[in-house]
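**Student:** Chains A and B, in that order, give the protein sequences. For the first sequence, the working numbering gives the first residue as 1, with consecutive numbering after it. For the second sequence, the working numbering gives the first residue as 1, with consecutive numbering after it.
Just so you know, these hints were derived from the structure itself, not from any lab. Among the hints, a few may not be true.
Which copy is meant is left open, so a pair is good if it fits within one copy or across any two.
Under the rule of at most 30 Å between Cα atoms (straight-line distance), these lysine-lysine pairs were calculated in the DSSO-like manner [stated by the list, open to error]:
{"hint": "1", "residue 1": "K3", "residue 2": "K81"}
{"hint": "2", "residue 1": "K329", "residue 2": "K123"}
{"hint": "3", "residue 1": "K3", "residue 2": "K157"}
{"hint": "4", "residue 1": "K162", "residue 2": "K81"}
{"hint": "5", "residue 1": "K288", "residue 2": "K300"}
{"hint": "6", "residue 1": "K162", "residue 2": "K49"}
{"hint": "7", "residue 1": "K339", "residue 2": "K220"}
{"hint": "8", "residue 1": "K100", "residue 2": "K332"}
{"hint": "9", "residue 1": "K337", "residue 2": "K169"}
{"hint": "10", "residue 1": "K123", "residue 2": "K262"}
Next come the chains, spelled out residue by residue.
There are 2 protein chains.
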Amino acid sequence: MHKFVRNFLTEWRKLGLPFENASFIAAISGGADSLSLLLVLNELRERKKLQNRFVAAHFNHNLRGEASRKDAEFVRALSEKLDFEFVGEISDDQYQISKKGNLEQNARVARYEFLTETAQSYKAFGILTAHTINDQAETFLLNLIRGSGISGLSGMKVLNSKFQVSSSKFKEKSQISLIRPLLSWARRDDTENFCRENEIEFRNDAMNEDLGLKRVRVRKILLPMLEDFNPKIIETLAKTANLLQTESDILMELKDQKPNTKDPYLFLKDLKTLSKSAVYQVLRNWLKTNRDNLRQLELKHIEAIASLIVSRKSGKMVELPNDEIIVKKEGKIFFQKRKVEKSGSAN
Amino acid sequence: MHKFVRNFLTEWRKLGLPFENASFIAAISGGADSLSLLLVLNELRERKKLQNRFVAAHFNHNLRGEASRKDAEFVRALSEKLDFEFVGEISDDQYQISKKGNLEQNARVARYEFLTETAQSYKAFGILTAHTINDQAETFLLNLIRGSGISGLSGMKVLNSKFQVSSSKFKEKSQISLIRPLLSWARRDDTENFCRENEIEFRNDAMNEDLGLKRVRVRKILLPMLEDFNPKIIETLAKTANLLQTESDILMELKDQKPNTKDPYLFLKDLKTLSKSAVYQVLRNWLKTNRDNLRQLELKHIEAIASLIVSRKSGKMVELPNDEIIVKKEGKIFFQKRKVEKSGSAN
């Protein structure tokens with residue numbers, strides 16, 4: 001078995017995806033990545049390793065006129081030759097690409113609307129896309145350059161089990177998985193080589209050569225330069241995106257449980273259910289809201305307030321700089337300014 | 001007041017640093033960054049905004065022979081002219097730079113040993129270094145290219161209140177702060193301009209021009225290219241490093257409280273003190289160790305185990321895929337394989 005096929009099967013197993021009796025929609029643009037997906041599915045079906053129903057779905061964005069039509073025709077013909085069911089759609093019909101705002105983003109929304117509705121009509125387990133680690137690395141760099149926190153840098157997920165495209169078309173939570181079975185291991189080179197070895201000529205989107213597009217400049221200029229520093233830069237960046245995703249997931253859960261720090265008081269019972277780190281985080285946010293900043297506040301102050309919360313022995317008050325105090329009463333802690341006796345002064 | 005001086009004073013206030021009666025050691029190499037630090041301290045001292053004792057400290061790494069000696073002489077002369085106390089040290093004397101391993105790293109250790117001991121002998125509040133947001137952005141990129149998790153990408157801290165250099169010289173926890181008062185706002189351009197406006201010629205380290213060094217290539221080649229994508233790339237990367245630092249601090253606290261997930265059981269009492277996110281994280285790690293992987297495990301399984309931990313009503317067992325079970329007994333949860341009745345088979 002070709003290494004590409006073996007890796008794919010290993011990933012399929014690792015993700016716990018069904019080996020039979022399920023339907024999948026494979027998103028096929030006609031480029032090397034998605035054709036390698038179609039080819040590997042074909043091979044595993046022939047070898048009876050995967051006995052699912054696989055449907056090739058092509059969304060014709062219709063942004064490049066005749067070239068778009070040729071891509072669609074090419075994918076349809078290859079799907080039929082390989083004996084895949086084929087579903088094609090032209091954006092101008094049912095799925096309009098909005099002309100307002102970011103064209104790339106709008107095209108993506110229309111494409112996923114089409115893929116989701118196709119998956120629904122086939123009662124599919126999931127949608128398969130052919131994103132590679134190169135896509136992951138490029139996305140990471142684009143987000144980094146634009147400026148992102150940890151969630152923006154987390155990158156795409158290999159398996160998004162309740163996928164939902166941001167679209168007014170879908171109100172209910174989807175039960176469809178979005179699966180990227182190449183994302184964690186396949187390089188773009190691998191998909192191109194796999195197509196060549198199968199003697200399948202892939203289509204090149206002219207937009208992939210347009211240096212006016214940031215993503216193309218990242219791919220053609222920035223990444224080759226970063227390879228001078230680290231020949232494994234693609235893998236390194238993709239791994240970083242994955243690491244940050246794990247951390248981001250933990251932090252998201254943490255944020256969900258936080259009490260509202262905009263109030264002038266916090267309930268002791270809410271604080272007592274939190275981990276130490278979460279308490280510290282809540283206190284910092286709460287003090288920042290109530291004092292406008294964290295100036296002159298030190299770790300020892302936060303620690304004293306944390307003790308005040310849990311212990312009966314720590315008294316009823318913590319003093320902060322600038323005559324500010326934290327008072328414990330009636331099952332809450334309050335932020336207060338101490339009333340200072342003004343001495344008569346010439347100033 | 002010059003904007004550079006005003007920004008510095010604002011940062012000093014924001015960090016809650018003392019305005020009088022404290023001693024500080026300022027690390028001065030002779031480059032634009034550290035000279036701008038010396039100049040701003042001089043101006044604030046003259047304006048009586050800061051009435052502290054400031055000592056200029058220069059560590060002569062002695063790696064560039066005559067050029068090193070000239071730098072040291074230059075810093076000494078300027079310090080005296082500006083009426084700062086001066087402490088100079090040559091690496092060959094008390095603070096040897098190890099020749100084993102990474103020279104840059106070893107030079108750093110020797111330098112901070114010198115700075116720490118100088119600070120101790122002056123009973124100083126802290127050490128001031130002149131790192132700029134450019135240094136932060138460069139460090140971030142170097143760590144990113146090399147491959148780092150969230151803590152490696154968090155960058156330098158503006159204030160490290162119990163600074164300790166990794167050195168066998170220091171056994172006890174230091175009470176000295178390492179303070180980088182330019183780090184959050186000053187660009188290298190700003191320090192160079194501030195020196196020029198004060199008619200002070202700064203020294204250029206020949207190593208800053210050596211394209212054989214990764215840091216120099218990042219500064220001279222990579223960052224200018226990234227500026228084509230985002231003219232504010234330096235600020236963007238520095239801000240990202242800061243964001244990741246906050247998140248990293250939270251996660252570090254979280255990790256400190258985890259039970260050992262290598263055991264075949266977990267104590268309920270340990271789990272009950274954790275936040276929900278921490279419990280999920282512990283369970284994932286524990287299952288991964290006991291099953292070798294997380295294959296076929298879904299969120300619903302983790303949720304069921306979490307319920308088992310907290311509730312008396314959730315029974316004594318959770319079933320996982322592949323005849324694996326989690327059993328609650330004797331104040332612990334255990335991971336077990338269910339015993340399967342084998343039917344007589346020809347295989």
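**Student:** Does each hint fit the structure? Answer for all of them.
**Tutor:** Hint check results:
1. K3 / K81: Only inside one copy: K3 and K81 sit 24 Å apart there, 70 Å across copies, limit 30 Å.
2. K329 / K123: neither (57 Å within a copy, 42 Å between copies)
3. K3 / K157: For K3 and K157, the Cα distance is within 30 Å only inside one copy (23 Å; across copies 45 Å).
4. K162 / K81: Classified as neither: same-chain Cα gap 32 Å, cross-chain 69 Å, threshold 30 Å.
5. K288 / K300: Close inside one copy (16 Å), not across copies (37 Å); limit 30 Å.
6. K162 / K49: Classified as within: same-chain Cα gap 26 Å, cross-chain 59 Å, threshold 30 Å.
7. K339 / K220: So K339 and K220 fail the 30 Å test inside a copy (65 Å) and across (56 Å) alike.
8. K100 / K332: For K100 and K332, the Cα distance exceeds 30 Å both inside one copy (49 Å) and across copies (57 Å).
9. K337 / K169: Neither way: K337 and K169 sit 52 Å apart in one copy and 45 Å across, limit 30 Å.
10. K123 / K262: Neither: 45 Å inside a chain and 41 Å across chains, both beyond 30 Å.
Figure legend: structure checked against the earlier numbered hints; hints not met, in rising order: 2, 4, 7, 8, 9, 10.
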